[in-house]
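*Asks:* Single-letter residue listing:
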Amino acid sequence: MDRIPILKLGEALLVTIQVDMHDRLAMALEEDLTTRIVDVAAKGVLIDISALEIVDSFIGRTLANIAMIAKVLDAVTVVVGMRPAVAITLVELGLSLPGVRTALNAERGMAMIRSLLDAEGMAPGEEAEGAA
Amino acid sequence: MPRSTVRIQSGEDVVRVRQEVRRIAIEAGLGLVDQTKIVTAASELARNTLDYGKGGEAAIEIVQAGPRRGVRIVFEDNGPGIADIELALKDGYSSGKGMGLGLGGAKRLCNEFAIESAPGQGTRVTVARWK
Ligand SMILES: Nc1ncnc2c1ncn2[C@@H]1O[C@H](COP(=O)(O)OP(=O)(O)O)[C@@H](O)[C@H]1O
Ligand SMILES: [Mg+2]
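First to last, the protein sequences are chains A and B.
According to the numbering used here, the first sequence is numbered sequentially starting from 141.
According to the numbering used here, the second sequence is numbered sequentially starting from 5.
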């Protein structure tokens, strides 16, 4: 089965969802991310959904699950790039994404992760290239 | 008027339903938000057809009522049917492991919504979104 690639960028993991995910693929992503967060002791997870044309209740729940699992594993999750039409539709669908932080684009998402880690005082090594 | 039928037997077929509905919604001239709403509703209903109805099909067509154009989709399966439709429509109710937002959400996202179902009789859900 195909899998969605996960890249490591400093202390963060970066996922860009570029395909219309079927449910098993979304579940595989959840599993893979969980494993990778532990393996590389990631402090942040950035998920770029700018290519996603819809987010339904299954994909939405997957994003919420990832954020919840990451939190338990001491990592922050930021979802970036949600299209306006998707946001409007999610509200009407009745889906709230508890615990999911969002940012406009990947750059702002990374900045958000850095500042969250700085605020927690957990990214001592990051200051040089980071949030200054 | 174009019409397309997609068999729903796997998770990949649910993705195909989304793509076909998108294609036909564009052809019908629906705007981006309306397209997104009906594709999202279709994704929920196609998943129900697969997960609860044990597979079935979606028939997608462009409909015209006077000056209005829209997209109508009929989801049909020969699964176990729904005993309590009112309960099934409640937000948060799922007999499986879902979030219970599929039916209620699809109803909110469409201009027309109808369910015909009975235990042992399968399920037919019809939705439409107008321009
Ligand atoms: N095609 C179907 N056949 C049989 N039961 C169905 C069908 N579609 C929906 N249901 C029933 O309605 C319930 C609610 O559906 P839905 O709102 O989509 O929530 P979820 O899919 O998260 O369970 C399902 O849990 C199931 O019991
Ligand atoms: Mg459902």
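Bear in mind the hints are in silico, worked out from the structure with no lab data behind them.
Every residue gets a Cβ at the ideal spot worked out from N, C-alpha and C, and that includes glycine.
A hint or two may mislead.
To be verified - Under the rule of at most 20 Å between Cα atoms (straight-line distance), these lysine to any residue pairs were calculated in the SDA-like manner:
| # | chain 1 | residue 1 | chain 2 | residue 2 |
| --- | --- | --- | --- | --- |
| 1 | B | 101 | A | 258 |
| 2 | B | 101 | A | 168 |
| 3 | B | 111 | A | 168 |
Unchecked claim - Some residues of chain A that are not near chain B, with every Cβ distance over 10 Å (derived):
| # | residue |
| --- | --- |
| 4 | 145 |
| 5 | 154 |
| 6 | 164 |
| 7 | 165 |
| 8 | 175 |
| 9 | 181 |
| 10 | 196 |
| 11 | 208 |
| 12 | 209 |
| 13 | 229 |
| 14 | 245 |
Claimed, not checked - To be clear about the criterion: a stretch of chain B counts as covered by chain A if any three or more of its residues have a C-beta under 8 Å from a C-beta of chain A, and this derived list gives those stretches:
| # | segment |
| --- | --- |
| 15 | 41-54 |
| 16 | 70-81 |
*Asks:* Next step is simple, just say for each hint if it's right about the structure.
*Replies:* Here's how the hints hold up against the structure:
{"no.": "1", "hint": "B:101 - A:258", "verdict": "37 Å, violated"}
{"no.": "2", "hint": "B:101 - A:168", "verdict": "17 Å, holds"}
{"no.": "3", "hint": "B:111 - A:168", "verdict": "29 Å, violated"}
{"no.": "4", "hint": "145", "verdict": "19 Å, holds"}
{"no.": "5", "hint": "154", "verdict": "24 Å, holds"}
{"no.": "6", "hint": "164", "verdict": "5 Å, violated"}
{"no.": "7", "hint": "165", "verdict": "8 Å, violated"}
{"no.": "8", "hint": "175", "verdict": "22 Å, holds"}
{"no.": "9", "hint": "181", "verdict": "30 Å, holds"}
{"no.": "10", "hint": "196", "verdict": "4 Å, violated"}
{"no.": "11", "hint": "208", "verdict": "14 Å, holds"}
{"no.": "12", "hint": "209", "verdict": "16 Å, holds"}
{"no.": "13", "hint": "229", "verdict": "5 Å, violated"}
{"no.": "14", "hint": "245", "verdict": "19 Å, holds"}
{"no.": "15", "hint": "41-54", "verdict": "holds (count 6)"}
{"no.": "16", "hint": "70-81", "verdict": "violated (count 0)"}
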